[in-house]
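Listed below are the residues making up each chain.
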Amino acid sequence: MTDSEIKIKSNNLNVYYGEKQALFNINLDIYNKEVTALIGPSGCGKSTFIRCINRMNDVIDICKIDGSITIDNEEIIDKNLDVVSLREKIGMVFQKPNPFPKSIYDNIAYGPTIHGLAENKTEMDQIVENSLKKAALWNEVKDRLNEPGTGLSGGQQQRLCIARAISVNPQVILMDEPCSALDPIATAKIEELIDELKKSYTIVIVTHSMAQAVRVSQRTGFFHLGKIIEVDTTEKIFKNPGNKMTQDYITGRFG
Amino acid sequence: MNKEQRLKKRHNAEKRFRLYGLASILLAIFFVFFLLNAIFSKGSGAFLKTTIDVEINFNADTLELSQQPTKDDIENADYYDLSIDNILNVKSVNGLDEEKSLINLFSPDYEYEIRAFLINNPSFINQTKVLKLTASDDFDQLHKGNYPRHLPEERRRISDFQLNLYDELVNEGKVDKIFNSYLFTKGDSRNPELAGIGGALVGSFFTIVITLLLSFPIAIAASIYLEEFAPKNKITDFIEININNLAAVPSIVFGLLGLGILLATFNLPRSTPLVAGITLALMTLPRIIIPCRASLKAVPPSIREGALAIGASKVQSVMHHVVPLAIPGTLSGTIIGLAQALGETAPLILIGMVAFVVDIPSIPTDPSASLPVQVYLWSEQAERGFVEKTSATIMVLLSFLITLNFIAVYLRQKFERKW
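Note that the protein sequences, when read in sequence, are chains A and B.
Each step along the first sequence adds one to the number in the working numbering, with nothing skipped, and position 169 is 169.
If you want the working numbering, it's the 1-based position in the second sequence plus 1000.
Think of the hints as simulated: they come from the structure by calculation, not from any bench.
Please note: incorrect hints may appear among the correct ones.
As the list claims (entries may be wrong) - In silico DSS-like pairs for lysine-lysine, Cα to Cα no more than 25 Å straight-line:
no., chain 1, residue 1, chain 2, residue 2
1, B, K1314, A, K79
2, A, K102, B, K1414
3, B, K1042, A, K102
4, A, K9, A, K121
5, A, K89, A, K102
6, A, K189, A, K96
7, A, K96, A, K134
8, B, K1132, B, K1234
9, A, K96, B, K1314
10, A, K133, A, K189
11, A, K96, B, K1297
12, A, K89, B, K1314
13, A, K64, B, K1100
14, A, K64, A, K9
15, A, K134, A, K199
16, B, K1177, B, K1132
17, A, K142, A, K189
18, A, K102, B, K1314
19, A, K142, A, K96
20, A, K79, B, K1071
21, B, K1234, A, K64
22, A, K20, B, K1234
23, A, K89, A, K33
24, B, K1144, B, K1071
25, A, K9, A, K79
26, B, K1129, B, K1177
27, B, K1091, B, K1144
28, A, K89, A, K79
29, A, K198, A, K89
30, B, K1314, A, K64
31, A, K20, B, K1129
32, A, K20, A, K227
33, A, K198, A, K134
34, A, K9, A, K33
35, A, K96, A, K198
36, A, K134, A, K121
Looking at chain B on its own, in the form it has when it is part of the complex:
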């Protein structure tokens, strides 16, 4: 091989190598795009809900209320008759079957929606008001175009009669799509149109706060001690190896630990953010300690020497000089660790967070859902409404994770120092 051939071969090798890199990046971008597209196209519908306009006459007699009812009276009144009466006025229907068909256009919560309106607006007693009542899941999906209405009647849950009712309502302009506030304010439900991630949001929030409060101080203290004060001997080597190993332990093992120790031995309440937070803190500890130690290690020894030589004690040199310089790396490591904990599902399943919890927790010892587990729970449901709710929850979870990671990157870049 002469010189020219060798040169050509070398240039070709470089071109080929660059091409491999470019190809893999394009492939990765394609997959990310594909994933995001799938999630967004499925999930964006969940942020809207279908409503049907119903004119409600808040007749005091039907509600069995006096003409000047107190707040308590309004809250305790029976809204069933009023609701049914008014809903049946939407369309003229004959017979029990048709009445039932009409009522089934609405989500079973119509009674509470009407009640909630009157509680907030007590002046509407004996007045009429057009309310946008939530449609049931099937009609919600029908209106969003996800329902296979071309199928023969016996293979649909929606009858032809109901389809006609729906089409007439649409023609009258009574069917609407509005922002679905239930998605963020309600807990889980068996009815997809009423299910929300409110409980999961609060549960995840409590969990992450507990994880942060437990893991951050312990991790910082451990990393400072190990990096700056601990003698280098076999014991600290052993600890170091184990921290690295712990960071690689599958998260479900920590779930087993939580199950075996926190629930079985200490009898802490099952499926609560408290237990989830402690379990995830154990899992997150090594994942925070490692970047913390790395950022402490990245502080050049000359800074320590400078401080020691001027007569600072060991603690002073660490606290005044080393730790402040390591803070950005420490914080970004912590945030990444918390983001991982936020997306963790397996350990939460083991400590019982898969329970069906309707109520939104008010304290960390209330049973609760969490965002990733909510995704897991809804992904197993057959109803079409839950399919879009699953994707919507993923969107919310991803937006939190992206925000956290963005903050971490920002901190790292903003406070990055050059020595």
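Bound conformation, chain A alone:
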């Protein structure tokens, strides 16, 4: 697969929460080993969309999905699909850092343990070290792996969550406003990390910060009221948007 190939393809995706329709006919392509940013005002369906990709909406009883999302041409919106192996392939980082109330080591080791990725303790140590290194957290925590993950600072917690997500070798990482609870310095670190991670992973990031979208993404999709208004390269969206609404949003006239 080359880098410009489509990794995830959404086709006429409609999502309903009970009577209310949250997404309307979403057609969106996400390219391999690129950062795709999803922007738009609150409640426009960006989070709903990325939670469809790893089927996290399954936990909401009233949520109904129709249409199609494929990853490497395999259908995701399929009742018979095993969500566990899907989520092994597609990791997720949440808005608020949510490390498990366990040690830093156990936070990372949990995923590889349940998926049986390590044969023995040495392999597990290696996975933990690699994941923490990839998440640029190793140097800060290598001496206190047995301390609780909840004792780290907010930015460190979020990088711990990223390390946890990459510990099971996913192909895609979904990030749902990963910096909205962090200060600018921690945000900068996460953004640097995203830049680094895109070499190995396909990343979809939901963000409220236009500046962040410009800094980290190669491609941007603009959502409004459950519809996708415009998708293009980030450069084009921010320099020369094709849609008046996009232009109004990115220039801060609404949203």
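Starting from the structure of chain A, add chain B where the hints point.
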């Protein structure tokens, strides 16, 4: 009203409000103090018993024993004559009436006390030993200062002759107050000085263990299923409403249930810890399910999402992450539920635990008493000895309840997590 007046009014309102709160807390403390004082002042006497020193000569001939008796011989010997002979030697008395008066200073169990001593110390055959024999209830109370000895003789059960005997014994230093081990080792009795809560303690213990074994696993499984797995629909709503209603059902209704189903339909043995345990388990179930569900609900959804997103299955996310975090709340809820069950009286009365049971149960299907019912039974007795026994039992019951609640609070605070 100008600004200053409004300010003053507001400050006064705040002061008044604080005062109301302070007053109600002081009132509550006063009542608790009053209650504890009443129980302690009445009940503390029951932990001591009055004894009278009697020199016993374990004469082998009187016991009709050979000079080298076997253990069986000692156990089966007739101690009545030996007991009477030795007791009558305490004071010189003439005539049957006076002899009877002297013997009545002692609890009717003197014969067994003497026998028990010899069984434990067979080497005392043909030797003498001063034993502390338990005094009868009236003299026990007299010695503790609870007996109205100033009343005219015809209004007392203790005769003037007996009073004299007692006073002489006291002067000779033969009357003593020692720790009342009977209180904890004996079952119920018609004689207050011989009555103990041993049977009730064992009965309550069996009952609580059965309640715990039945209600804890069912309650945990039910709460985990309802909170984590059950779809939210009309049926689960209905179940939820009913659990809340069941927790508020008066406990006596569960007693009726036990009576109607366990005793009448399934013919389980009456007044046993088994039936009591099952009945109380039914009563305790909703009271454990509610705090369990609350503590499961208190685990933030972000933990579940984190586990699911890394690829844990639903069961894994619940068992690896949610349940361990909910354990402290679950345990403290269970302990509080058990403490309530331990103090429950009404349902036990209905399933026949008010029966007069002397023997200490050895298995849960033996008829038995339980602590709260023992309180209820003794509180109806007229003898002064039972009044202090009632309060003493309350003290024991309260100390168990306070211990359980303390453990629950400790667990909650020790393992309380901040997310």
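Hinted pair K189(A) and K96(A), Cα distance within 25 Å:
Holds: K189(A) and K96(A) sit about 16 Å apart, inside 25 Å.
K134(A) and K121(A): Cα distance at most 25 Å?
The given pair, whose Cα atoms are some 20 Å apart, holds under the 25 Å limit.
Within 25 Å, alpha carbon to alpha carbon, are K20(A) and K1129(B)?
violated, 93 Å
Regarding the pair K89(A) and K33(A), is the alpha-carbon distance no greater than 25 Å?
Roughly 14 Å between the alpha carbons, so the hint for K89(A) and K33(A) holds.
Straight-line Cα separation of K79(A) and K1071(B) no greater than 25 Å?
Violated - the C-alpha atoms of K1071(B) and K79(A) are around 80 Å apart, more than 25 Å.
Decide if the proposed pair is consistent with the structure: K1042(B) and K102(A), CA atoms, cutoff 25 Å inclusive.
violated, 52 Å
What's the verdict on K9(A) and K79(A), does the C-alpha distance respect the 25 Å limit or exceed it?
holds, 18 Å
Pair hint outcome, K96(A) versus K134(A) [Cα-Cα no greater than 25 Å]
holds, 20 Å
Is K134(A) close enough to K199(A), meaning Cα to Cα at most 25 Å?
Holds, at about 11 Å.
Is K1234(B) within 25 Å of K64(A), Cα to Cα?
Given that 25 Å is the threshold and the Cα spacing comes to 19 Å, the pair holds.
Is it true that the CA of K1144(B) sits at most 25 Å from the CA of K1071(B)?
Outside the cut-off at roughly 38 Å; violated.
Holds or violated: K198(A) and K134(A), Cα atoms, limit 25 Å.
At roughly 11 Å apart (the allowed maximum being 25 Å), K134(A) and K198(A) satisfy the hint.
Violated hints, listed in ascending order, are 3, 4, 8, 13, 20, 24 and 31; each of the other numbered hints is respected by the structure.
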